[in-house]
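*Asks:* Chains as they are written, first to last, in our numbering: chain A, 1 to 111; chain B, 1 to 110.
Source of the hints: derived by calculation from the structure; they are not laboratory data. Cβ atoms here follow ideal geometry from the backbone N, Cα and C, with glycine treated the same way. Careful: at least some of the hints might be erroneous.
[Stated by the list, open to error] Below, computed lysine-lysine pairings styled on DSBU-like, alpha-carbon distance capped at 30 Å: (1) A:LYS18 x A:LYS57; (2) B:LYS38 x A:LYS57; (3) A:LYS65 x A:LYS17; (4) A:LYS57 x B:LYS16; (5) A:LYS65 x B:LYS3; (6) A:LYS17 x A:LYS71; (7) A:LYS71 x B:LYS38; (8) B:LYS38 x A:LYS65; (9) A:LYS57 x A:LYS69.
[What the hints assert, rightly or not] If the Cβ cut is set under 8 Å, some of the chain B residues that face chain A in the computed set are: (10) LEU45; (11) LEU48; (12) ARG50; (13) PHE91; (14) THR95.
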Amino acid sequence: EAQVTQNPRYLITVTGKKLTVTCSQNMNHEYMSWYRQDPGLGLRQIYYSMNVEVTDKGDVPEGYKVSRKEKRNFPLILESPSPNQTSLYFCAARTGLGEQFFGPGTRLTVL
Amino acid sequence: AQKVTQAQTEISVVEKEDVTLDCVYETRDTTYYLFWYKQPPSGELVFLIRRNSFDEQNEISGRYSWNFQKSTSSFNFTITASQVVDSAVYFCALTSDMRFGAGTRLTVKP
Chain A
1 EAQVTQNPRY
11 LITVTGKKLT
21 VTCSQNMNHE
31 YMSWYRQDPG
41 LGLRQIYYSM
51 NVEVTDKGDV
61 PEGYKVSRKE
71 KRNFPLILES
81 PSPNQTSLYF
91 CAARTGLGEQ
101 FFGPGTRLTV
111 L
Chain B
1 AQKVTQAQTE
11 ISVVEKEDVT
21 LDCVYETRDT
31 TYYLFWYKQP
41 PSGELVFLIR
51 RNSFDEQNEI
61 SGRYSWNFQK
71 STSSFNFTIT
81 ASQVVDSAVY
91 FCALTSDMRF
101 GAGTRLTVKP
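The shape of chain A in the complex, shown without the other chains (with noise of 0.2 Å):
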């Protein structure tokens, strides 16, 4: 089954603590993503990669990290997390012509 997953799909931490959210798919696909969910804000991307070793900032990258080392896996590193990193966050693989396959969602709440 065509897939992407991501863990923890529940966090709760405290600020400062470095934490990462994995994501991983099975399509094969080059493009990958890091979005947030805000209420009213809809998704915003944090960071993208179109393909292995190679990221770029969206339009909300401050305070996360990503790495691209091999195709399957995307994971999205908070370094030192605060309060305003509270949010749900989606990762998504992306076949050639845009259609995004999310990840089930990350729930993070930083205290």
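Given chain A, work out where chain B should sit, using these hints.
*Replies:* Only chain B this time, still in chain A's reference frame:
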């Protein structure tokens, strides 16, 4: 600038009513794709439709239909005879920089 506007923040209808969700976009690209996604209360994002900029034919899929008008930069989504299961947040998106609208929350009451 690339932009997607969903002016309707929330819509509430009674079951069996028809409802149209509006989407207006801005792009300088001549080739682009438009999408609609559904986010039910369970939270996952579900792909509904893709439309490319060269194809202005309307599309119908069961109770769902989409009206793409390049002249007005709109890509509206109509649900005919709405059902409670249609209750969700619906997002319109544009391939240019992968812009999403803010979403429209549709509530269908029994």
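*Asks:* All hints are to be evaluated individually against the structure, with a verdict given for each.
*Replies:* Here's how the hints hold up against the structure:
{"no.": "1", "hint": "A:LYS18 x A:LYS57", "verdict": "20 Å, holds"}
{"no.": "2", "hint": "B:LYS38 x A:LYS57", "verdict": "25 Å, holds"}
{"no.": "3", "hint": "A:LYS65 x A:LYS17", "verdict": "14 Å, holds"}
{"no.": "4", "hint": "A:LYS57 x B:LYS16", "verdict": "44 Å, violated"}
{"no.": "5", "hint": "A:LYS65 x B:LYS3", "verdict": "25 Å, holds"}
{"no.": "6", "hint": "A:LYS17 x A:LYS71", "verdict": "27 Å, holds"}
{"no.": "7", "hint": "A:LYS71 x B:LYS38", "verdict": "27 Å, holds"}
{"no.": "8", "hint": "B:LYS38 x A:LYS65", "verdict": "28 Å, holds"}
{"no.": "9", "hint": "A:LYS57 x A:LYS69", "verdict": "17 Å, holds"}
{"no.": "10", "hint": "LEU45", "verdict": "4 Å, holds"}
{"no.": "11", "hint": "LEU48", "verdict": "10 Å, violated"}
{"no.": "12", "hint": "ARG50", "verdict": "5 Å, holds"}
{"no.": "13", "hint": "PHE91", "verdict": "6 Å, holds"}
{"no.": "14", "hint": "THR95", "verdict": "4 Å, holds"}
Consistency with the previously given hints fails for numbers 4, 11, ordered from lowest to highest.
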